[in-house]
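Trainee: Protein chains in written order, with UniProt numbering: chain X, 1 to 300; chain D, 1 to 735.
There's no promise every hint is true.
[Said to hold, decoys possible] Dumping the calculated DSBU-like pairs for lysine-lysine here, alpha-carbon to alpha-carbon at most 30 Å: (1) D/K577 to D/K429; (2) X/K273 to D/K429; (3) D/K577 to X/K217; (4) X/K273 to D/K469; (5) D/K350 to X/K273; (6) D/K469 to X/K6; (7) X/K54 to D/K138; (8) X/K280 to D/K469; (9) X/K280 to D/K350; (10) D/K229 to D/K215; (11) X/K291 to X/K230; (12) X/K273 to D/K138; (13) X/K217 to D/K342.
Just so you know, these hints were derived from the structure itself, not from any lab. As the structure is a computational prediction, the values presented were derived from the model and not from experiment.
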Amino acid sequence: MTAETKKPSSFQGLILTLQAYWAEQGCVILQPFDTEVGAGTLHPATVLRSLGPKPWNCAYVQPSRRPADGRYGENPNRLQHYYQFQVIMKPNPENLQELYLGSLDAIGIDRDLHDIRFVEDDWENPTVGAWGLGWEVWCDGMEVSQYTYFQQVGGQDLDLVSGELTYGLERLAMYVFDVDNVYDLPYNDHGVSYGDVFHRNEVEQSTYNFEHSDVEKIRARFEFAEAECKALLALDNPLPLPAYEHALKASHLFNMLDARGVVSPTQRQEYIKRVRNLAKGSAEAYAASEKTSAEIEGAA
Amino acid sequence: MAEFLFEILSEEIPARMQVRAGADLQKLMVAGLTKAGLTVENIRVLTGPRRLTFVADLPVRSPDVTDIRKGPRVGSPERALEGFLKAAGLSDISEAETRTDPKKGEYYVAVIQNSGQDTRAILQALIPDVMANFPWPKSMKSGGSNFRWVRPLRGLLVLFQMEVVHLEVGGITSSNTTIGHRRHGPGPYAVSTFENYRSQLEQAGHVMLSHEDRKAVILSNASELCADKGLELVEDEGLLNEVAGLTEWPVVLFGDMDADFLNLPDEVIRLTLKSHQKTFTVRDPKTGKLAAHYIIVANQIAPDGGEAIKAGNGKVISARLSDAVFFQTEDAKKNLIDYYEKLDTVVFHKKLGTIKDKAERVAALARDLAAKVDADPDLAEQAAKLAKCDLVTQTVIEATSLQGQIGRLMFEREGGNASVATAIEEHYKPQGPSDDVPTDPVAIAVALADKLDTLVGFWAIDEKPTGSKDPFALRRAALGVVRIILENDVRISLIDVTIKHLIQLKMQLSQNKAATGWADSKSRTDSRENTVVIQKLLVEIDTLKTLLDGSPSREFENSDVVLVIPSLLTFILDRLKVYLRDQGMGHDIIDAALTEGQDDLVAIVNRVNALQSFLSTPEGEDLLAGYKRAANILKAEAKKGELPSGAANRPSDEQGAALFDALTAAKPAISKALESEDYAKALTSLAGLRIPIDAFFTDTQIISDDTAVKDNNLRLLGMISDTSRQIADFEAIQG
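Bound conformation, chain X alone (with noise of 0.2 Å):
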């Protein structure tokens, strides 16, 4: 079924591996979301098409931006800024527990002299107001993908259930080629390494997050992402992918200011109430409209 590749043995190497992977299985392949988003999940293509009764299959690298996690560029595992792939298929093709299976034989991980196992793991994300069943997948112990299947997203019940894959690209590539510092990876087969890329980015990152992000203005940001995400709901044509859009920025401004520890336990509770309205609302208003479309098209 996959066509014979080289193995990789890069970063850049894993991830073009598996774009032409799941090129292959008639997936879309998008370039990432260009708003700051703190998992994968986010992205509009995986939240937003989820939703309504339109068939979809896509995958993509999306940076995760955590601000929090942030450490200097010290920390061997740890990051404010790391890459996942995503891989989204609605609905789930019968046959995507082997299709994943094939992924992990084509970036070259030994399933004879490996041991993988899909343990139990539920997800769930109540800022979208998504959850599902599935798995995280170990291999020989350690968890390199989680696999869920849809069942609600925006607070509602799913059309066609979407299988979704997320491969944490930093911790599969240093499991496959063997590394223990993430800086160490080998970015691509010419010498540089994944540090040459991003370590600069993760001091200075780290740095501004933790010392010199200005947190009156932050909050002022927040404030003006907020209003404008819930004008653009409450437009008698409401505009649910600019809205959603601001619901991120909301929840991106949100974990700045939570890096920046200035928010007590009783504001968390709140903010995490208020950015969970305005993405629930966006999901809400996107599903409304797919399912007005789709009558329409069933009518035509």
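Use these hints to put chain D onto chain X, whose structure you have.
Mentor: Chain D in isolation, oriented as in the chain X frame:
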């Protein structure tokens, strides 16, 4: 009889659900088959990560059944006949037979022959029904189908008499094939019988079908591997069940870790290996300490003998344990008490303040309780403050189940007092009906104070358990209070303790701006206002005390103390009743001994015990009979009119006078015995009344024609009742 083989194949079923699912499948299949009239024999159920298998012997058809329905008498009106025909499904009365009955005469019966059904047809109807209504704890839809299963359904093997029973469930069509282990023998395999199914899967297919077989293999291979190295497996039934649910072909491997990790507390190592990696720990039988090894249970035979699998697992374990070492080192940079202030950043409940607020309250209460349990008050206070400190250490934040244990270890390493160290760990105990109760006095004081604070707090904010909802585990806390008190013979007045603690709580919260909701919205409360709070509460306490003895006064119906304390006491006493019933006490005896206003659990139980043993003696039985007779006469007379008031005079007849004298003597004797809590003695005094009471009933005409004599006799009966009820409510006893 013929063999029925049914296998449901799906993607990986969560390990914790498999065994239960097997039992549910058996229950539903057997119930459905039996209901359809089939006898089910030789039942077997097998479960594994990707399959549930049910096998049984069934008859090929369900039996024919003759259903006889009685109808109306011959010659009944047309209407009655029509109704009968309709109900029996007959078109004409000529289709009915007639029977004769000596009483009823000649009447109609409808004889309906229900012919049996093909087992195959029964299965075709039953299986989709069983699967559609399967009680998974969580289930899901897949693709575009509305069918729900625990994970996507992949195959149905349904054979009866070695042939496929055709049916379709959730888009899957039944067949005679199955698949094996992903790497070692995927198949597919065409199956004819269960024996053939089993031998194909267990040989070529590399699937060990039985959960119990897999457990046995893992356990014996793991033990053997350890023994070869002179070590010993640390057995863990929960983990064994889990790994048996994660493997179709378990292969046990012996892994190594850096010996430096053994400096970590055993609890940390065990928890890290078990919960994160699902690996067993290994110990050295000579020292009893953990060894620098572990047991991995893989799901396949690797061509390199498992070296890559071991290396991979070793890397993850080493990373996890390195994290644990890092956390431990960070945590140990400070003493345990240095974490106390940080408890203020963790909310216990938004209306009850932070964990630090709670710890302060518990410390004050533990100090008070110390005197009652022979503990040093300073140590009790210290232990209460330290008890929650480990909650904000990194080790416990990462692994919550180590709470208490980490605090104890840290405090021991600092060279702290042993009783305090014990109390830090054990103050969470008992966690349930079978958990140990603390026995060290300091631990008793802190454990009791912690639970009472929780109960008083949640009662004060009106977050009581309702029905099956008990999100804050308050029933468990109350049972904990009951067990700690009884099993350590702690003498306290729960009313006094909880009222005092409620005052502390309210004062603390009214000062605390962090606690919103219940306290005043003013951010600061000055001392004058505190005095007002205290004065108000003192008035409430007086009221409450009167209230517990007498009738409620409307004025105080809504005051906090009145709303909180009696309800809380009732809740604790309800737990006590459950506890005593579990110990085999009769519920009527418990109710009888639980007279109003009692709040000393040890005294209540002493009373229950004395009463239980007294009532099992002949004296007790007779006395109870006498009491009941007196009470019944009084009840009957009360119905006719008012009972005579006032005190009885010494009657002139011999028996009456003897009873009067006995009662007059018994009353102070019983009161005195009760004061010194000598229930046995009180009951003995009461038993002394048996002979005069019996004689009185035998020889005296109680309801005399002379009204004055009758009234005096009734007053005497009233004395019997009052005297007995000093000790217990005999009315409640069923005898």
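Trainee: Does each hint hold? Answer for all of them.
Mentor: Going down the list of hints, with the structure as the test:
{"no.": "1", "hint": "D/K577 to D/K429", "result": "holds, 20 Å"}
{"no.": "2", "hint": "X/K273 to D/K429", "result": "violated, 35 Å"}
{"no.": "3", "hint": "D/K577 to X/K217", "result": "violated, 60 Å"}
{"no.": "4", "hint": "X/K273 to D/K469", "result": "holds, 24 Å"}
{"no.": "5", "hint": "D/K350 to X/K273", "result": "holds, 16 Å"}
{"no.": "6", "hint": "D/K469 to X/K6", "result": "violated, 58 Å"}
{"no.": "7", "hint": "X/K54 to D/K138", "result": "holds, 26 Å"}
{"no.": "8", "hint": "X/K280 to D/K469", "result": "holds, 28 Å"}
{"no.": "9", "hint": "X/K280 to D/K350", "result": "holds, 26 Å"}
{"no.": "10", "hint": "D/K229 to D/K215", "result": "holds, 22 Å"}
{"no.": "11", "hint": "X/K291 to X/K230", "result": "holds, 21 Å"}
{"no.": "12", "hint": "X/K273 to D/K138", "result": "holds, 26 Å"}
{"no.": "13", "hint": "X/K217 to D/K342", "result": "holds, 29 Å"}
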